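Engineer: With chain A held as given, fit chain B onto it using these hints.
As a plain string of letters, each chain reads:
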Amino acid sequence: MGIFHEITKKPWLADPAEDEGYHNQGASFLPNGKVGLRVFLCVVTVIFTLTLIAYADRMFFATWSPMPEPWILWVNTALLIASSVAMQWASNSAGRDNLGGVRDGLLFGGVLTFAFLTGQLYVWQQLVDLGYYASLNTANAFFYLLTALHGLHLLGGLIAWGRSMLRLRRGGSVADLRLSVELCTTYWHYLLLIWLILFGLLLMS
Amino acid sequence: MSNGVLDETQVIPPAEVEEVDLYHAKSFITKWVFSQDAKIIAIQYSTTAILIGLVGLVLSWMMRLQLGFPDTFSFISPEDYYQFVTMHGMIMVIYLLTALFLGGFGNYLIPLMVGARDMVFPYLNMISYWVYLLAVIILTASFFVPGGASGAGWTLYPPQAILEGTPGSQWGIILMLVSLVFFIIGFTMGGLNYVVTVLQARARGMTLMRLPLTVWGIFTATILALLAFPALFVGGVMMLLDRVLGTSFFMPEIIQAGELLGHDSGSPLLFQHLFWFFGHPEVYIVALPAFGVVSDIISTHARKNIFGYRMMVWAIVSIAGLSFVVWAHHMYVSGMNPYFGFFFATTTLIIAVPTALKLYNWVLTLWKGNIHLSIPMLFCIAFILVFLNGGITGLFLGNVAVDIPLSDTMFVVAHFHMVMGIAPVLVIFAAIYHWFPLMTGRFLHEGWGLFHFWITFLGSYLIYFPMHYLGFVGVPRRYYEIGETSFIPPSAATLNEFITIMVLIVGFAQVVFILNILISIFKGKPSGENPWDATTLEWQTETTPPGHGNFGDELPVVYRWAYAYSVPGVEADFVPQNLPPDQIKRSGSSGEAVAEDPPELHKPE
Chain A
1 MGIFHEITKK
11 PWLADPAEDE
21 GYHNQGASFL
31 PNGKVGLRVF
41 LCVVTVIFTL
51 TLIAYADRMF
61 FATWSPMPEP
71 WILWVNTALL
81 IASSVAMQWA
91 SNSAGRDNLG
101 GVRDGLLFGG
111 VLTFAFLTGQ
121 LYVWQQLVDL
131 GYYASLNTAN
141 AFFYLLTALH
151 GLHLLGGLIA
161 WGRSMLRLRR
171 GGSVADLRLS
181 VELCTTYWHY
191 LLLIWLILFG
201 LLLMS
Chain B
1 MSNGVLDETQ
11 VIPPAEVEEV
21 DLYHAKSFIT
31 KWVFSQDAKI
41 IAIQYSTTAI
51 LIGLVGLVLS
61 WMMRLQLGFP
71 DTFSFISPED
81 YYQFVTMHGM
91 IMVIYLLTAL
101 FLGGFGNYLI
111 PLMVGARDMV
121 FPYLNMISYW
131 VYLLAVIILT
141 ASFFVPGGAS
151 GAGWTLYPPQ
161 AILEGTPGSQ
171 WGIILMLVSL
181 VFFIIGFTMG
191 GLNYVVTVLQ
201 ARARGMTLMR
211 LPLTVWGIFT
221 ATILALLAFP
231 ALFVGGVMML
241 LDRVLGTSFF
251 MPEIIQAGEL
261 LGHDSGSPLL
271 FQHLFWFFGH
281 PEVYIVALPA
291 FGVVSDIIST
301 HARKNIFGYR
311 MMVWAIVSIA
321 GLSFVVWAHH
331 MYVSGMNPYF
341 GFFFATTTLI
351 IAVPTALKLY
361 NWVLTLWKGN
371 IHLSIPMLFC
381 IAFILVFLNG
391 GITGLFLGNV
401 AVDIPLSDTM
411 FVVAHFHMVM
421 GIAPVLVIFA
431 AIYHWFPLMT
441 GRFLHEGWGL
451 FHFWITFLGS
461 YLIYFPMHYL
471 GFVGVPRRYY
481 EIGETSFIPP
491 SAATLNEFIT
501 IMVLIVGFAQ
511 VVFILNILIS
521 IFKGKPSGEN
531 PWDATTLEWQ
541 TETTPPGHGN
551 FGDELPVVYR
561 WAYAYSVPGV
571 EADFVPQNLP
581 PDQIKRSGSS
591 GEAVAEDPPE
601 LHKPE
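From first to last, the protein sequence lines are chains A and B.
Sequential numbering from 1 applies to the first sequence in our numbering.
Sequential numbering from 1 applies to the second sequence in our numbering.
Read the hints as simulated data drawn from the structure, not as lab findings.
Be aware that one or more of the hints could be misleading.
Said to hold, decoys possible - Okay, the calculated beta carbon distance ranges per label pair:
# : chain 1 : residue 1 : chain 2 : residue 2 : range
1 : A       : Arg38     : B       : Thr155    : 30 to 40 angstroms
2 : B       : Val353    : A       : Gly162    : 25 to 35 angstroms
3 : B       : Leu515    : A       : Met59     : 56 to 66 angstroms
4 : A       : Arg38     : B       : Arg478    : 35 to 45 angstroms
What the hints assert, rightly or not - Some chain A residues well away from chain B (every beta-carbon gap over 10 angstroms; in silico):
# : residue
5 : Ala78
6 : Phe114
7 : Gly172
8 : Leu179
Said to hold, decoys possible - So, partial list: chain B residues that the calculated Cβ filter (under 8 angstroms) puts toward chain A:
#  : residue
9  : Leu192
10 : Leu208
11 : Ser248
12 : Leu274
Bear in mind the structure is a predicted one, so any value in this text is a computation, not a measurement.
Just so you know, even glycine gets a beta-carbon here, dropped at the ideal spot from N, CA and C.
Next up, chain B with everything else stripped away, as it sits in the complex:
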């Protein structure tokens, strides 16, 4: 083929994608406050989520202070402690992780990665954020109402959640439920956007199987959330009616203080089913985007295509499907039929198969890769280690016979913090270090980043690994203080002190991280364009950070998948998704343009 001249089968004319009516802000307020630009909305979502997440973090310090040094802090009463537990759990799972992964990263990355100018319903997207903010404000307000925030535990089990005597049963629980309902409404608006944008607004040539795994993760998690949150919505509304109107959806006949309450024959178990029908998919709503992000970051920073891309996609989809049939493994101690337990134990073990596949594939992607131990990569490797640990203890707890003695002990706390606390948070850090240059055009400070990484990774391991042992010896969760118990050795108290000290140290590292962000926005080292030499579209925009409308005059045309790293015979070690085949520089042919051949090494596994 002659230089620069290609026949028609090799060059596809520029995309004839219908231009969308891009919303153009007219004033400062519509540009930065009531913005319809997904990138601004993403930053609004992220900032709000991180701020409320910091509240959740401080609550965890208070809990740990009490557990590590009981009888020391007079300002923490048992009621306070329960409120801290409840609010910490709810904030972290829903208002931080869900909002940050889907509202934050989803909004920022989906349009850029699929090659769209914006979300398909920008107005709805804007409303979505403001409803989320309203939900956060209502939740925060519950700290300041008479009786304080709800102290029912983050699972909000009735009847105790709304009975007198539980902290926050006056107003706290009402505000909590109202806030959740708003959150779900807001999320549904955003979620419709994410799903329809991925389905409809992909650039020309961006087939489903050329999507980066980040998009696959966020897309699938959004579908999960759209189908799972209604269960929480229904449960929340019913409990709200039980509390406000005195109905008996969940409230059985109860005698409290010698007095028969007005409720009759409601089913508390029904709430547990509704809650966990939402609650288990929720784990994957947080985990799937994390899986996607890790895949992309590992591939980029190891300069190697992701191992088993197709398998990864299928694993994401099958995990999503399976996550709807495992929920009752949270309810083994509720007195269920043993056959029922058997069923849910089986499905729970099955879901470990695609999850393990993903872990192997990440490790195999690293295998013989050109590994750059940059900070995002470090966080991803840490994620693999932590997630492996948390996943394996999940297999323990998935078995009825093992779960029953371990139920309601610190073992469970250690398990779920490993698997859906620390693991996704490590990915969030990886993602922030990775995409910060895209959002600001500057790097985060490397030295402080390393400090942040090592303290966070080792510190959180030292927090949660010993906690499994506390669970083994029988230290129960949710207890304000254990006191002197015959079966718990005194060394448990020493271990508790150690964990608390580690918590404070890790907490300090997060302060450093926040300062790093704040300072680097203005003073960070300029990153230039595409500093990680990544292939995906978000790095191929005309300007860094991407401007309004994301891409220049013409939308990109996609020629290949997102993992063309170290392609044999090509000069650069990456080929961007939108680089036309005739512009690829072959090594050893002095820059002569040659059409792309199927890379031999990328044959199926």
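Bound conformation, chain A alone:
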């Protein structure tokens, strides 16, 4: 039942026939966690959109001097894509009640994500060594800001990942893990999408 149908109802009319419908119809059938994650992703979208609008606005300033793109960023991108694939693998395995697949997928996903974050730190290090300080040019500052924001969101995801791993180690069944694995997968795909947009913008500018 659509939201528009819902909010055009006239609650002051008590219609017994409709009443019964009312009672069978509760909230959405999605688990709370999924609804919560969707709402949270909206918040994250606003954060990145606003930052990207500011970025796009500044790109056209005369003083903008673009950053180089270290080749490691390509490696990092590949790592992040791989971690997303691994998460999907875990999620699919959870759908098939395959505990081994869930464990392997989660493990690979997490390790690859750690590798991505390490790679990002390495890029920072390289750029700083080359003298691309945040204070020198706003292009640099935006690069550090956006990669940091993205990295922090991944770190947050890793906390949820760590909780799933912990549950796994304590002998949790697939049923215990299914929801959290699915949530992690959605979040990983989403952060991959954000990264691809950031990386694309970086290559463009």
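Structural biologist: Chain B alone, transformed into the frame defined by chain A:
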């Protein structure tokens, strides 16, 4: 239909709602300190918000002392004054009003009103409070660091906010920004809870259009906040980097004291856009819950259904949507393209339409109602008057041609204090007097309440109404002292003295209010259950105050909307939302149970 026997279409079997894993505290600390019970968290939020709000109140006294009696108080320096202005604004808007309406009332009322046992993510809810407390502590700490708190004005405009020479540019501004970032993180955790709880945890039969308007207001305001706070977050983080790392997001090339600073070509206007993209919705983040609470209290205390419920819901939603496209009306004097100004003036005038609708509907709810002039009702009527005044001056300021001469005068101060200072605070008082019996099982003292009401209402009107005239004659805002100015008549100084005296009197009334609360918790007149004869679920709990898990063994089943007051042909003048149709006592039929007919008088407007 025979007595007590109903066919299946009329009686719905008890709710088969999946029981949630309710968190059960094991020790004193997990029960009262690190609690995951939304009601305890609500009280923690409220207490913290009110305490920091009292700091904001004292700051306003200091400001008024300086404005009313310049050259009298040697302990208030110009730097102090700017710090008072800044901290007062920030504390009141964010740390008091936002936290109290959403963290306080949201936490207490949402689960109870929608018929849930608790929030859907209780652990996150607990963390939310502690992060908020951390934000408050960081903010308070900024008073005690070298250079003191930030004195940049509550809007924190760069470049001056972080330039040397502005009070608090050393540590104050850093702590302010860090505190805001924490506040936003904490709020997001709470906000997810409020939204998902309303969407997912409603009791059986509680459709969206049967929700009390309080829940609609808090729900919509939370969505607004979740989408608007990121703008402040991004702006805050960028400014923090500008200050700490010397980046140039907002900092243009600046020559200070003959010396070129390291910044280059940043855009201060970008901050203004980010700030007001948050800042304008913030007005409605505070106002929408207030609208909801007023609707419910007026309906309950006038024993009449709310006029135009559907219209009220739609108005709340459309106000929320529109509030995202009006932000630049705060920036008319920033040198914008006139077409841009035209656009924002138009959207600003449009948002007045749903807002005015709500005002008419409140008045029409009172019309021919059985009005009980209880203290909550008095505060709500006062709210309508104050909000009307503040709303109309908003139309003045929304027009570019009128705004430009009035910009940065006391007229603006008077306007926004009327509309988002006094008005929501009056609603908070109404809500506290209304729900105090639910939280404690006791009434607040009526006599002291009346004293508090009349002094607060009349006093704050006398503070802010004359202030518009100060603005008309050109008294600028944010000035430490005006001194002798050719265009400002000496009578402005007399008016300033009067306002300051009123501020102190109103302040005294708040002390009485706090004492009333503290004493009534222990010695107030016992209220019994549902003392206002309200229909909403929070009053239908097994015990008053509601216990852990809110409801008894079974969650309530909802049969009707929240405004079944004075239904024709029914004995009692209210029908609780969860009273089964076969238990309604019809008047004149000696208590025989009769199924509920569509009440004729409640047909659409």
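Engineer: Can you name, in rising order, the numbers of the hints this structure does not satisfy?
Structural biologist: The structure conflicts with hint 2 only, although it agrees with all the remaining ones.
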